[in-house]
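Residue numbers (the numbering used here), protein chains in the order written: chain A, 1 to 615; chain B, 616 to 849.
Hints were generated in silico from the structure; no laboratory data involved. Glycine included, every Cβ here is placed at the ideal spot set by N, Cα and C. Be aware that one or more of the hints could be misleading.
[To be verified] Quick list of in silico lysine-lysine cross-link-like pairs, DSS-like style, CA-CA up to 25 Å: (1) LYS358(A) with LYS232(A); (2) LYS297(A) with LYS351(A); (3) LYS351(A) with LYS833(B); (4) LYS297(A) with LYS165(A); (5) LYS833(B) with LYS655(B); (6) LYS358(A) with LYS821(B); (7) LYS655(B) with LYS358(A); (8) LYS140(A) with LYS181(A); (9) LYS655(B) with LYS351(A); (10) LYS833(B) with LYS653(B); (11) LYS653(B) with LYS358(A); (12) LYS165(A) with LYS149(A); (13) LYS457(A) with LYS315(A); (14) LYS315(A) with LYS198(A); (15) LYS198(A) with LYS165(A).
[Said to hold, decoys possible] Here are some chain B residues the structure puts well away from chain A; computed CB gaps all over 12 Å: (16) MET616; (17) VAL767; (18) ALA789; (19) GLN790; (20) LEU797; (21) ASN826.
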Amino acid sequence: MNNRIQAIIQRYQTDRTRLLDMLWELHHLYGYLPDEALSELADGLNMAVEDVRETSSFYHYFHHRSTGSYTLYLSNTVIARMQGYQEVLDALERETGATLGEMDPSGTFSLYDTPCIGLSDQEPAMLVDEVVFTRLTPEKVSGIISQLKCGRSPEEIANPRALPKADIAYIDQLVGTNICKAGPVFFHKGNDFPELLKNCLDAGPEAVIAAITQAQLRGHGGAGFATGLKWKLCREAPGATKYIICNADEGEPGTFKDRVLLTRSPQAVLMGMVLAASVIGAREGIIYLRQEYIYLKAYLEQQLQLFREQQLLGKNILGRADFNFDIRIQMGAGAYICGDESALIESCEGKRGTPRVKPPYPVEQGYLGMPTCVNNVETLVAVTRVMQEGAEWYQSLGTEDSRGCRLMSVSGDCQRPGVYEIEWGTSLNQLLTLVGAEDPWAVQISGPSGECVAVDKGGERRFGYGDLSCNGSVMIFNRSRDLLGIVKHFMQFFVDESCGICTPCRSGNVDLRNKMERIIAGRGCQQDLDEMVSWGELVRSTSRCGLGGTSPNPILTTLQQFPELYQAKLTEQSGVLLPSFDLEAALQGNERARIELTHHDYIPRELIQDPETEK
Amino acid sequence: MSIQITIDGQPVVTEAGENLVDVAAQNSVYIPTLCYLKGKPCLGTCRVCSVRVNGHFTAACSVPVTEGMQVEVDTAELADMRKALIESLFSEGNHNCPSCEKSGRCELQATGYEVGMVVSRFPYRFPLRPREVAADHIWLERDRCIFCQRCVEFIRDRQTDQKIFAIKGRGTAAQIEVNTELANRMPPEQVREAADICPVGCIIEKGVGFNDPIGRRKFELQSVRERALGEEES
Chain A
1 MNNRIQAIIQ
11 RYQTDRTRLL
21 DMLWELHHLY
31 GYLPDEALSE
41 LADGLNMAVE
51 DVRETSSFYH
61 YFHHRSTGSY
71 TLYLSNTVIA
81 RMQGYQEVLD
91 ALERETGATL
101 GEMDPSGTFS
111 LYDTPCIGLS
121 DQEPAMLVDE
131 VVFTRLTPEK
141 VSGIISQLKC
151 GRSPEEIANP
161 RALPKADIAY
171 IDQLVGTNIC
181 KAGPVFFHKG
191 NDFPELLKNC
201 LDAGPEAVIA
211 AITQAQLRGH
221 GGAGFATGLK
231 WKLCREAPGA
241 TKYIICNADE
251 GEPGTFKDRV
261 LLTRSPQAVL
271 MGMVLAASVI
281 GAREGIIYLR
291 QEYIYLKAYL
301 EQQLQLFREQ
311 QLLGKNILGR
321 ADFNFDIRIQ
331 MGAGAYICGD
341 ESALIESCEG
351 KRGTPRVKPP
361 YPVEQGYLGM
371 PTCVNNVETL
381 VAVTRVMQEG
391 AEWYQSLGTE
401 DSRGCRLMSV
411 SGDCQRPGVY
421 EIEWGTSLNQ
431 LLTLVGAEDP
441 WAVQISGPSG
451 ECVAVDKGGE
461 RRFGYGDLSC
471 NGSVMIFNRS
481 RDLLGIVKHF
491 MQFFVDESCG
501 ICTPCRSGNV
511 DLRNKMERII
521 AGRGCQQDLD
531 EMVSWGELVR
541 STSRCGLGGT
551 SPNPILTTLQ
561 QFPELYQAKL
571 TEQSGVLLPS
581 FDLEAALQGN
591 ERARIELTHH
601 DYIPRELIQD
611 PETEK
Chain B
616 MSIQITIDGQ
626 PVVTEAGENL
636 VDVAAQNSVY
646 IPTLCYLKGK
656 PCLGTCRVCS
666 VRVNGHFTAA
676 CSVPVTEGMQ
686 VEVDTAELAD
696 MRKALIESLF
706 SEGNHNCPSC
716 EKSGRCELQA
726 TGYEVGMVVS
736 RFPYRFPLRP
746 REVAADHIWL
756 ERDRCIFCQR
766 CVEFIRDRQT
776 DQKIFAIKGR
786 GTAAQIEVNT
796 ELANRMPPEQ
806 VREAADICPV
816 GCIIEKGVGF
826 NDPIGRRKFE
836 LQSVRERALG
846 EEES
């Protein structure tokens, strides 16, 4: 038995629910997950190795083949593609000698692309192992790669002054926080958290729930569930113990406001968790941090330590014998679906990030089967602020159906991409003016899962739960942009990120993406558009979770807002064959079968000449 | 606790918390299913049992009934959705019934007949997924797998309780795996259970092929609908 693997298993006390952490440790040890190491881990945990691989193969930052000394992940988003992704990728391939998805012959570099890494305001960006580089240009890439080749580590390149990783200065050196407009709620300074907690504990859990309920605070993750009600349900649910989880798996392409909150208001996030713990009766909390934000981990650990030193975490919080609560950070490993609260819980339990069947809901049976309250980063900060300033103060912000403020991560064609705190009720046009949008044509609200709005039609629509219920992602496109190409990119994203547990999402998104490709290629007809709508409705209606419930939106909302773009691509059907039917390609099958039968031999498809290339 | 719900407008008296698929069946309303197994935890993977509950689309197998629930099953829209989901499974894999060992006892095939499917509306993808033949008594025809998760969840090694079957990869890259060592120590009745629990022709028992003559195969003796509704074999 390998001692190092044994040590890992012992460190986690043979607890298979900590499989994700153990896999990360193995990955750090070997640079990937070798079969033999997985087998040993499986033996130690009394699991079949296939069961371990069931988890490990779900997450795209886990590799099962050896990788280079440095692993490079270039963020592949529609925003990056507007801002030089291709040139940067070309430079990376040229300088490293690795082609995308592969390792270079010398084994130095592995090069991958990856969905949004939460830096849409400073694309193109990439992760090199656990360090991030932003605003990349081919020149900058040359510099980074040549330094790596000379033996400098990514940390040394990105952090030449060797700032401690737990310092905010370290993070500021890596990424910009770009808070373009702060407001009353989210970036408040001069907090007295011990005083606040003392007051809340004195007032009692019912009073805290009452305040949050009166403030009409709703979850900022996207679904907009009433936070006070969630806490109440979790408090009342029977359970030997309870858990509070902070959802910091900010995976929706185009959002980065949680990263900024975790950087600039980390203690307000933690305070929200402590308050939740005091209300629902939790002894343990988890921050589920996406791997893309690994460079925040040391800083957040430091913030946790500061909280412990102030008796805001740990045993006997503020000297109260009955209040013990602490928080650990759970690193994700690359899966958009883990933003779904039940998938996130599965992931915390060391399993695939598959959304659960509901009911039961997490507030009844969540993490390890116990009542669990999952709140978004932004929601937790809002909770802290409500308890500081009072429900009436919060209620005075925003509109009747949407109280308070919300953070917008703005990117794309505008002068000032970054984070904006706006009151609910702000119109799209107002936001576009604020950010200096340049000839805005279409705005993608809430990322791919949201909706695409034509500015000339929907500019006066207002942000709020009743209309533009934005999850924080705002991507602006001007008239020069290829909107259909963007839609296809979004559909590919959903194909890649579907967990595959249910039929409509796993299979339907592939059909939708293929249809989109057909339309763009100019081989679609009206029937294809009609089928896209009906298949999109099928996926939206019958999928298990919100991923499939929203994945057809890029197509459905652009079809509705920009029908002319689709119409311009359509082909008239002439004769009996659909325009998408390629007769020559179809007859190739016959030719292939004939050759195979003649030679009693299998001939790979690519060896049979393509009539298209012949011409 | 006794409660009342309505199914397609008909009042139905039942017990709170019962599974909607079962409640419907007890009242002679057939809801097609593929992943659901009565008495086992809901898997909710195939979505072929999609219905409307209080106006919202949902998978019936995931619904414990509650007082006053209004359920729609038999509408043209819902019937077409369920049919579309079955068609989607046919186009996603390679389901060539005439050459399949499971033909006649395949739940996907039987349910396809039941919902009136003739051909898939979705383009056939003809995936190439390598078959897995390493185990002594079982092999996997992976291009027939519909990822229902029945084998993954319900077939366990009897000594260690370890999973014998597992999914590798996610989304379109997913494929079913089997642990050869554990598979080789499955007793014969567990091998049969695994092959039977598979609703398609993915898990196949070695040495057992087209054993039942046409006309005497499982779903020819009693249709999938009759079996679901618990009707006596005529």
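Each hint, compared with the structure:
no.	hint	verdict
1	LYS358(A) with LYS232(A)	holds, 19 Å
2	LYS297(A) with LYS351(A)	holds, 22 Å
3	LYS351(A) with LYS833(B)	violated, 36 Å
4	LYS297(A) with LYS165(A)	holds, 9 Å
5	LYS833(B) with LYS655(B)	holds, 22 Å
6	LYS358(A) with LYS821(B)	violated, 38 Å
7	LYS655(B) with LYS358(A)	holds, 15 Å
8	LYS140(A) with LYS181(A)	violated, 29 Å
9	LYS655(B) with LYS351(A)	holds, 21 Å
10	LYS833(B) with LYS653(B)	holds, 18 Å
11	LYS653(B) with LYS358(A)	holds, 18 Å
12	LYS165(A) with LYS149(A)	holds, 23 Å
13	LYS457(A) with LYS315(A)	violated, 56 Å
14	LYS315(A) with LYS198(A)	holds, 15 Å
15	LYS198(A) with LYS165(A)	violated, 31 Å
16	MET616	holds, 17 Å
17	VAL767	violated, 8 Å
18	ALA789	violated, 5 Å
19	GLN790	violated, 10 Å
20	LEU797	violated, 6 Å
21	ASN826	holds, 29 Å
Hints 3, 6, 8, 13, 15, 17, 18, 19, 20 from the earlier list are contradicted by this structure; the remaining hints agree with it.
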